[in-house]
Structure formats: structure tokens, C-alpha cells
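Hey, can you work out the whole structure from these sequences and the hints?
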Amino acid sequence: MEAMLFYLVALVSVISAFFVTKCRNPINSALCLVTTFLCLAVFYVMLQAPFMAAIQIMVYAGAIMVLIIFVIMLLNIGSVGKSRYTHGVAGAIVLSFLSFIVAAKFIAGGTVSKAVGDISAEVVQSYGHTELIGKAMFTEFLLPFEIASILLLVAIVGAVILSKRKV
Amino acid sequence: MVMTPEVLTLSNNPILFTVAMLAKILVAFAVTMLIVAYATWVERKVIGRMQTRMGPTMTGPKGLLQPIADGLKLFFKEDIIPAEASKFAFILAPMMLLGPALISIAVIPFGGDLTIGNYIIPLQITDLNVGVLYILAMAGLGVYGIVLAGVASNSKYSLLGGIRSTAQMVSYELAAGLSIIAVFMLSETLSMRGIVAAQQGPLWGFEALSLIPNWYIFTQPLAFGLFVVGSMAEINRTPFDLPEAETELVSGFCTEYSSMKYALFFMAEYANMITVSAIAATLFLGGWGGVFWGPVNFLLKVFGFMFFFIWIRATFPRVRYDQLMFIGWKVMLPLSLANIVLTAIAVLLWQ
Chain P
22 MEAMLFYLVA LVSVISAFFV TKCRNPINSA LCLVTTFLCL AVFYVMLQAP
72 FMAAIQIMVY AGAIMVLIIF VIMLLNIGSV GKSRYTHGVA GAIVLSFLSF
122 IVAAKFIAGG TVSKAVGDIS AEVVQSYGHT ELIGKAMFTE FLLPFEIASI
172 LLLVAIVGAV ILSKRKV
Chain L
431 MVMTPEVLTL SNNPILFTVA MLAKILVAFA VTMLIVAYAT WVERKVIGRM
481 QTRMGPTMTG PKGLLQPIAD GLKLFFKEDI IPAEASKFAF ILAPMMLLGP
531 ALISIAVIPF GGDLTIGNYI IPLQITDLNV GVLYILAMAG LGVYGIVLAG
581 VASNSKYSLL GGIRSTAQMV SYELAAGLSI IAVFMLSETL SMRGIVAAQQ
631 GPLWGFEALS LIPNWYIFTQ PLAFGLFVVG SMAEINRTPF DLPEAETELV
681 SGFCTEYSSM KYALFFMAEY ANMITVSAIA ATLFLGGWGG VFWGPVNFLL
731 KVFGFMFFFI WIRATFPRVR YDQLMFIGWK VMLPLSLANI VLTAIAVLLW
781 Q
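Quick note, the sequences are listed as chains P and L, same order.
Quick note on the numbering used here: the first sequence kicks off at 22 and runs consecutively.
Quick note on the numbering used here: the second sequence kicks off at 431 and runs consecutively.
There is no bait here: all hints are sound.
20 angstroms max Cα-Cα, derived SDA-like pairs, lysine to any residue:
| no. | chain 1 | residue 1 | chain 2 | residue 2 |
| --- | --- | --- | --- | --- |
| 1 | P | Lys156 | L | Met615 |
| 2 | L | Lys454 | L | Gly529 |
| 3 | P | Lys156 | L | Ala774 |
| 4 | P | Lys156 | L | Leu616 |
The hints are simulated quantities; they were obtained by calculation from the structure and are not laboratory data.
The structure presented is a predicted model; accordingly, all values stated were derived computationally and were not measured.
Written as C-alpha cells, this is what we have:
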């Protein structure tokens with residue numbers, strides 16, 4: 022049952038990811054990307070990470086993609102003609118083939134049952150996924166968390182300086 | 431043989447579980463759609479009375495058949511898709527607006543437990559342990575409806591409406607979302623059912639205050655105000671209905687729409703209003719807790735909120751765009767952040 026659902030969602034996500042690059046109209050491409058994000062959220066739910074699923078939809082589908090569509094809307098990008106970058110296509114084929122080999126090697130090398138650690142599916146069920154993430158983020162991974170927030174602060178200040186010449 | 435009742439799940443009785451689930455979904459959906467239809471009637475009647483008019487009177491007794499007449503009229507109108515519009519997105523937009531509003535209802539508890547035989551059936555479609563985040567995520571998806579309608583229509587009024595709406599929704603979503611954080615700092619759970627359970631009993635657990643329920647509106651009045659104002663802006667109700675300001679933008683993002691697609695935008699507006707009222711009732715007014723039977727309490731609170739929204743619409747003029755951005759970013763966002771800090775300090779001191 023779960024495997025069937027996985028293959029179904031995986032199929033949808035791969036097809037929509039394909040159409041992200043295939044669509045001529047940028048708005049349709051953006052919508053396909055949203056579909057891919059929603060499929061990723063379903064994967065997070067299947068991996069017993071409901072918090073990540075909700076954040077995936079909230080941040081990627083809800084905020085970032087809306088901003089991308091906003092930019093498309095403001096710049097008024099129309100449909101683009103057929104691209105002539107054949108060497109680009111060839112490069113993409115080679116690159117995706119190589120990454121497929123890497124992915125296949127990883128898949129062949131490990132199974133889910135080999136995963137070790139304190140946090141199992143039962144722990145997540147009893148303790149709550151959000152609590153686990155929160156606790157880990159503010160104790161074990163406090164330094165990366167703070168560094169990320171400083172990085173974001175720098176980005177915000179940079180955006181303000183770029184958009185406002187006279188402060 | 432007497433058994434203690436257990437919670438009905440897919441594993442202990444699959445058939446009854448499926449039937450109960452379908453029944454709950456059907457009832458929740460039917461009730462929501464019924465409220466959507468009659469909210470339009472109530473809105474016209476109430477606003478009419480507030481402006482010393484009668485409102486609809488001709489269709490049926492006291493105009494009660496007006497929603498049906500409106501629906502039929504829109505249904506039989508010609509459906510026009512502009513030639514230059516991006517067709518796929520144009521058709522998708524109204525659905526993208528109505529869909530998230532309706533699926534948010536899935537995590538809202540509308541009653542206590544129902545015991546049938548040996549099984550306990552919670553009166554809630556599903557209890558996610560990230561319920562609040564799910565609702566915020568769905569609110570985020572709701573923006574797409576208006577954005578797509580704005581872009582796909584290929585008309586300058588629609589585009590301007592769409593741009594205004596995106597900016598408005600993104601800014602107010604932040605304030606409304608941050609105000610909820612203070613609530614689940616107190617409840618210590620993200621599940622909607624857990625939040626309702628945390629609001630039962632007397633205020634702050636003092637027996638002396640047993641007349642006042644432990645609702646978060648008393649503990650978090652600022653968060654409540656911020657959430658109501660923020661969600662009013664998020665669902666584009668007056669005084670924040672700039673995306674469809676008639677005097678400036680014809681009718682904003684739905685200018686090019688006709689027939690049932692136009693009706694869907696209106697249904698989405700009322701469905702959003704119901705969802706927001708239900709969320710506010712659950713988070714701040716103790717959900718289904720109260721003097722009557724659970725669902726009755728809950729519906730009363732939802733109706734109260736909807737009346738409040740209609741009342742606001744009849745009372746306040748529309749805000750200007752710069753005022754809107756000022757309130758959102760310079761008043762509401764700092765206030766909700768300050769509220770989080772204050773709540774955190776209070777929670778620490780209490781422990």
C-alpha cells in the first residue's frame with residue numbers, strides 16, 4: 022500500500038519536474054515546480070517527518086514560489102521560443118547520467134534497515150517530530166542554527182541597502 | 431461482556447472507520463457549503479439593516495431563496511475565457527482559491543468524542559500533530575488562487591489586483607502566523623485537539639475563577655487581536671479588500687471571470703471566512719467547549735465571528751495601500767514578535 026503510494030507520488034513528481042523544464046510558459050513551469058514541492062511534502066510525511074512536510078509547503082510552495090511567480094508577473098515574461106542551445110542539452114544529458122550513476126550507487130550500497138541512531142519511528146510517534154527537531158536544533162545544532170540566522174540577517178541588510186540607496 | 435471503549439482506528443475496525451470517516455467528511459463539507467450559501471444571504475440582510483435598507487426580500491420568504499437564485503443565475507451565464515489568457519492557469523485559479531480553504535477544515539475539531547458501542551469517534555476529520563502548521567501551510571497555498579487569476583487573465587486590472595494581493599497576503603500571513611506561536615507556546619502542542627483540551631477548565635487552573643473558562647482570548651488578548659486583524663487581511667475582507675477595490679481596479683483579480691468561475695471566487699471568500707472563524711474559535715475561544723453540546727458550541731462561536739466580520743464590513747472604510755503596508759510591517763509584526771518574547775518570559779517564570 023505504502024510502496025504503491027510512493028511510486029504514484031514519485032511518478033507525479035518526476036513528470037512535473039520534467040514539465041518544469043518543458044513548459045514554454047513560465048507560469049506553467051512555476052506551477053509544475055509547485056506540484057513537485059507538494060510531492061516532496063508527501064515524501065516527508067511518508068518518512069514520518071510531518072513537521073518537515075508542513076514547513077516544505079509553507080516555505081517553498083507558500084512563500085518562495087509565490088515570490089517567483091510575483092517576479093514573473095512583474096517582469097511580464099512571455100512564452101519563450103525553442104532554445105537552440107544543443108550543446109547545453111548534451112551537457113545536461115551527460116550530467117544527469119552521471120548523477121544517476123551516483124544515485125544508483127548510493128541506493129545499491131545501503132538499505133533502510135541499516136540506518137542506526139537513537140531516533141526510530143517509535144520514538145518519533147511517542148515523542149513528536151516537532152519536539153525532536155526543536156530540541157536538537159537548540160541544543161546539539163545551536164551553532165549552525167545561529168550561523169544560518171546571521172547569514173539571513175546579512176541577506177536582509179544587503180537587500181535593504183540594494184533597494185534603498187539613501188538610508 | 432463489558433469492554434472499555436477504545437479510539438476507533440483503521441486497524442481495530444476498518445469498515446466502521448471508513449464509514450465514520452466518510453460520514454465526518456461529508457457532514458463537514460455539507461455544513462460548510464450550506465454556511466457558505468447562507469452567509470451571502472446573512473451578509474446582505476445584515477448590511478442592509480445596518481444601512482437602513484431591507485436587503486433581499488423578493489425571493490422566497492424573507493428572501494431566503496436568494497442564494498439559490500444567485501447560484502442558478504451564475505450557473506446559466508455564459509462562461510468566457512479571454513482569448514489572450516493563459517487557459518490552464520485561468521481555469522485552475524478559482525479552484526486553487528477554494529481548495530485550500532476547504533481542506534483546512536480537515537484538522538479543525540468540531541466536537542468532543544462520540545461513543546458508539548465500544549469505539550470512541552473523535553468529532554474531527556483528522557488530528558494531525560502538526561495541525562497548526564498545516565493550517566498555516568494551506569493559508570500559504572491560498573495565495574496562488576489570486577496570483578494565478580491576476581497573471582492568467584492577461585488584463586492590467588487583474589494584474590494590479592494580483593500584485594496587491596500577493597504583497598498583502600505575504601505580509602499579513604507573517605503577522606497572523608507569529609501571533610499563533612504565542613498560543614502554542616502555552617498549549618505545548620501543535621495539534622488542534624490538544625489546543626482545545628488545554629483550554630478546558632477554569633482560568634489558569636484557579637478554582638476561584640471557575641466562572642471564566644481557560645480560553646486563550648483571556649491569556650493572549652494581543653495575539654487574538656493580531657490574529658483576527660491579520661486573517662481579515664489575509665482573506666481580503668473589508669477593510670482590507672484592496673485587491674478588488676472597485677473604484678480603482680474594476681473588480682481586481684476577478685475582472686475577467688464570468689459564470690461559475692466568478693461564483694467560485696465568491697464561494698472561496700466565504701469559505702475562507704468560515705475557515706478563519708473556525709480557526710479563531712478553536713485557538714482562542716476554547717473550540718467546542720461550552721455549555722451546550724460540542725458541535726453546537728462550536729457553530730455558535732463560528733457564527734459569532736462571521737457576524738463580527740460582516741459588522742466590520744458595514745462599519746469601516748477601506749484602508750489605503752500605504753496604510754496597509756504600514757500596519758502590517760511596522761505595527762503588527764513588531765507587536766507579534768514582542769508578544770512572543772513576553773509570553774516566553776511569562777512561561778519561564780511560571781515554571
